[in-house]
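A.B. asks: Produce the entire structure from the sequences given, and follow the hints as far as they go.
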Amino acid sequence: MGSSSVDFDALLLSRLQFAFTIAFHILFPAFTIGLAAYLAVLEGLWLWTRREAFKTLYLFWVKIFALSFGMGVVSGVVLSYQFGTNWSEFIRLTGGVIGPLLAYEVLTAFFLEASFLGVMLFGWKKVGPKLHFTATVLVAVGTTISAFWILSANSWMQTPQGFQIMADGRFQATDYMQVIFNPSLPSRLAHMLLAAFITTALVVGAASAWRLLKDRSAGVKTEGWSESRISLVMAVGLIAVLAPLQLIVGHESGMVAHQHQPSKTAAIEGYWETRADQPLHLFGIPDRGAQKNHLEISIPGIGNLIQGVPRDEVIKGLDSWARADQPPPLIPFFGFRIMVGLGLLMIGLGLWGAVLIWRKRIFHSPWFLRFALVMGPSGFLAVLAGWMVTEVGRQPWLVYGVLRTRDAVSPVTTGEVAISLTAYVLVYSVVFTAGAIFILRLLAEGPVAARIEPEPRRQRAPGTPLAKAPEDTSPGDPS
Amino acid sequence: MTLDLPLIWAGLIATAVLLYVVLDGFDLGVGILFPFARTPGERDVMMNTIAPVWDGNETWLVLGGGGLLAAFPLAYSVLMPALYLPVLLMLAGLILRGVAFEFRFRARNRGRKFWTQMFAGGSILTAVAQGLILGGFIQGVTVENDRFAGGAFDWFTPYTLLVAAGLVAGYALLGSTWLMMKTTDNLHGDARRWTVWGAAGVTALLAAVSVATLVIHPRIAARWGINLGGNIFDDTYWFMVQMETLLPLLLIPLLGLIGLGIVFVMGRKGSHRWPFVGALLVFLSGYLGLAAGFAPYVVPYALDFRQAAAPDNALGLMLVGTAIILPLILLYTAWVYYIFRGKIDAEAGYHH
Chain A
1 MGSSSVDFDA LLLSRLQFAF TIAFHILFPA FTIGLAAYLA VLEGLWLWTR
51 REAFKTLYLF WVKIFALSFG MGVVSGVVLS YQFGTNWSEF IRLTGGVIGP
101 LLAYEVLTAF FLEASFLGVM LFGWKKVGPK LHFTATVLVA VGTTISAFWI
151 LSANSWMQTP QGFQIMADGR FQATDYMQVI FNPSLPSRLA HMLLAAFITT
201 ALVVGAASAW RLLKDRSAGV KTEGWSESRI SLVMAVGLIA VLAPLQLIVG
251 HESGMVAHQH QPSKTAAIEG YWETRADQPL HLFGIPDRGA QKNHLEISIP
301 GIGNLIQGVP RDEVIKGLDS WARADQPPPL IPFFGFRIMV GLGLLMIGLG
351 LWGAVLIWRK RIFHSPWFLR FALVMGPSGF LAVLAGWMVT EVGRQPWLVY
401 GVLRTRDAVS PVTTGEVAIS LTAYVLVYSV VFTAGAIFIL RLLAEGPVAA
451 RIEPEPRRQR APGTPLAKAP EDTSPGDPS
Chain B
1 MTLDLPLIWA GLIATAVLLY VVLDGFDLGV GILFPFARTP GERDVMMNTI
51 APVWDGNETW LVLGGGGLLA AFPLAYSVLM PALYLPVLLM LAGLILRGVA
101 FEFRFRARNR GRKFWTQMFA GGSILTAVAQ GLILGGFIQG VTVENDRFAG
151 GAFDWFTPYT LLVAAGLVAG YALLGSTWLM MKTTDNLHGD ARRWTVWGAA
201 GVTALLAAVS VATLVIHPRI AARWGINLGG NIFDDTYWFM VQMETLLPLL
251 LIPLLGLIGL GIVFVMGRKG SHRWPFVGAL LVFLSGYLGL AAGFAPYVVP
301 YALDFRQAAA PDNALGLMLV GTAIILPLIL LYTAWVYYIF RGKIDAEAGY
351 HH
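Just so you know, the protein sequences line up as chains A and B, in that order.
Numbering-wise, the first sequence is residues 1 to 479 according to the working numbering.
Numbering-wise, the second sequence is residues 1 to 352 according to the working numbering.
No wet-lab data here; the hints were simulated from the structure.
There may be inaccurate statements among the hints.
Within a straight-line C-alpha distance of at most 25 Å, the following computed BS3-like cross-link-like pairs (lysine-lysine) qualify [unchecked claim]: (1) 214/A / 125/A; (2) 126/A / 214/A; (3) 126/A / 343/B; (4) 221/A / 55/A; (5) 343/B / 125/A.
C.D. replies: Now the structure itself:
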């Protein structure tokens with residue numbers, strides 16, 4: 001690659017564009033992986049118990065699923081093409097290794113999701129209840145398989161193995177089992193799937209809490225209250241179990257990074273100095289120029305313990321690497337602390353909720369309900385923070401230790417990337433603002449929205465699953 | 001016996017792209033025809049005919065792109081930067097029309113009108129962008145040292161614009177014949193009229209694209225056994241036809257003519273289904289006709305499919321999975337179409 005400043009600008013803008021588009025995209029899988037599983041559970045419970053409440057909840061959440069899934073699909077297609085438009089050298093060099101993983105994602109997951117989504121959303125009266133349930137389960141399975149392949153490809157970029165570099169610089173796999181099941185895959189996949197389930201539970205919990213709080217302040221029980229109680233208990237129960245588990249899995253993931261990506265660990269922990277008996281930095285402002293932290297608040301003597309290694313073992317600091325090989329530490333350092341802080345709050349929410357459920361007081365504790373409400377978006381924030389930690393922490397490498405990000409960019413002009421970045425910002429602003437409004441509007445209506453059958457037919461506006469007619473649409477409307 | 005893996009993969013990806021073009025083609029076509037519908041109610045019905053299947057249709061595009069990435073990484077890494085802006089336009093179009101399915105229903109009043117326009121506009125934008133991509137592909141890509149070495153606007157020529165117009169008309173014809181098959185009453189009548197216009201447009205544009213391709217690209221003309229020389233605007237112009245090359249290839253345009261014949265004749269006779277079959281034949285003919293011009297190149301006219309192929313172990317690994325999974329995908333895709341077969345009834349409880 002040339003080294004003119006024009007290339008550098010295209011590189012910087014391409015990185016910005018990738019960060020922007022993937023940050024938007026990840027919000028939807030993080031939510032829909034968990035929501036698909038939740039819907040499968042709800043429909044299964046309905047078939048099993050025949051309690052109408054489960055069907056009502058299913059019909060309510062499936063509308064939100066349809067909106068979220070649609071946004072996830074379109075923002076995902078962008079990413080699959082962006083590898084080529086903006087990171088063509090990455091594909092030219094490593095396509096022979098990670099290409100099959102991405103192809104397997106399409107074959108094993110995308111078709112499953114897309115095809116059975118149609119049946120799930122529109123086939124309620126076209127197929128029997130058991131076949132419909134099968135479709136829901138297959139969509140949930142598809143989202144999980146998809147996560148497996150994407151995490152496998154991304155984990156290979158973090159901890160590459162099972163390949164050789166040929167004379168022309170291109171990568172060739174020597175053992176695909178090693179490529180697919182690379183060292184960081186198990187912990188990172190478990191970490192992401194748990195994050196998805198917890199994110200969904202937090203949203204479901206917040207929506208339920210909001211409904212119960214509204215009834216409480218109005219002093220009445222509006223339609224949908226019993227469903228909201230059921231979904232609140234389901235969500236809080238899940239968080240109580242999964243949030244502590246996530247702490248353990250996340251720690252395991254950190255241990256793998258410590259072993260295979262020491263420069264990432266050093267950035268996360270704010271370690272500049274290579275030494276035994278590292279401290280734990282609770283706060284600080286890592287400064288790459290000065291190669292130290294400002295305003296450090298630290299606990300000496302327990303850093304090694306947190307890393308799970310003996311106190312006298314040497315842990316590498318960023319001084320072990322030339323400056324050009326150091327990751328920029330600011331984002332990993334703060335991203336990690338935001339993620340862990342939110343995770344601890346989630347554990348607190350789960351434990352508090354579990355105690356309240358046990359004491360049968362959960363529906364009557366306004367402070368708990370308010371806490372559950374404000375924690376609603378925390379899963380998304382933690383997922384974003386966590387991905388920033390892992391992706392920025394991998395820098396300056398695209399494939400850790402073997403391919404630099406700056407050597408992976410496409411031979412495109414700065415002007416082209418500036419146009420595309422602007423276009424994505426504009427389109428995403430419109431699309432995701434509208435999507436967020438529609439989802440929030442549905443959440444505000446609550447499970448009662450699902451109760452309204454699609455009659456009277458004349459008012460029903462088709463074009464969506466499980467339709468409820470907007471009251472203000474008449475045949476004369478421009479649409 | 002060893003398998004010729006690059007050849008198999010070239011065939012598989014070519015098939016995936018063809019399936020994408022005809023499947024997403026009809027639902028993009030429905031979007032292109034959106035502005036011509038008479039009432040919001042008709043637009044609702046039009047959208048309902050494709051709502052359960054569009055996502056599955058679009059997945060073939062992801063397979064085409066993902067398959068190209070995995071099987072021919074070199075081709076993917078050259079073509080995507082070469083077609084940077086049209087790919088961007090296509091993705092923007094796909095985003096806007098993709099979310100419109102849900103958004104249009106959720107929105108109220110002005111919002112509803114906006115998402116109706118976004119569905120139509122996004123569909124048209126996608127079709128135009130795909131036409132520019134196709135045209136840019138056929139006219140060839142500049143490659144140096146296995147990397148794209150052309151300009152940012154190489155894809156923007158009168159020829160690519162003509163191809164784009166042709167593709168928009170083609171998708172509209174697929175959409176209108178699909179609607180003839182799936183709708184009743186007034187909408188069915190409208191779809192018949194759209195089909196006549198669409199078929200006329202396709203006939204003219206397909207002929208124009210064919211002639212332009214042969215005249216502008218002597219290399220492709222030679223493939224067809226037509227050798228051109230000199231300057232078309234003065235007396236030095238000459239051409240020579242090799243009949244033994246041309247005659248068997250003429251079966252391809254013949255197939256297209258048969259397709260158009262089916263659209264016109266069977267449509268006139270009142271058939272609801274045959275016009276769609278005819279439109280499919282027209283697309284097959286156009287696809288084969290273009291493929292005859294650029295095969296075996298995956299990056300015309302710089303890299304053939306063998307040069308661009310991934311290592312054999314990558315192709316082999318993917319073939320194992322594809323051999324097992326692709327038949328399953330085809331099976332359940334067919335099942336989904338079967339579930340949603342037949343006419344759409346505007347009043348039926350379609351969504352439950």
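A.B. asks: Compare the structure with the hints numbered earlier in the document and write down the numbers of the violated ones, lowest to highest.
C.D. replies: Violated: hints 1 and 2.
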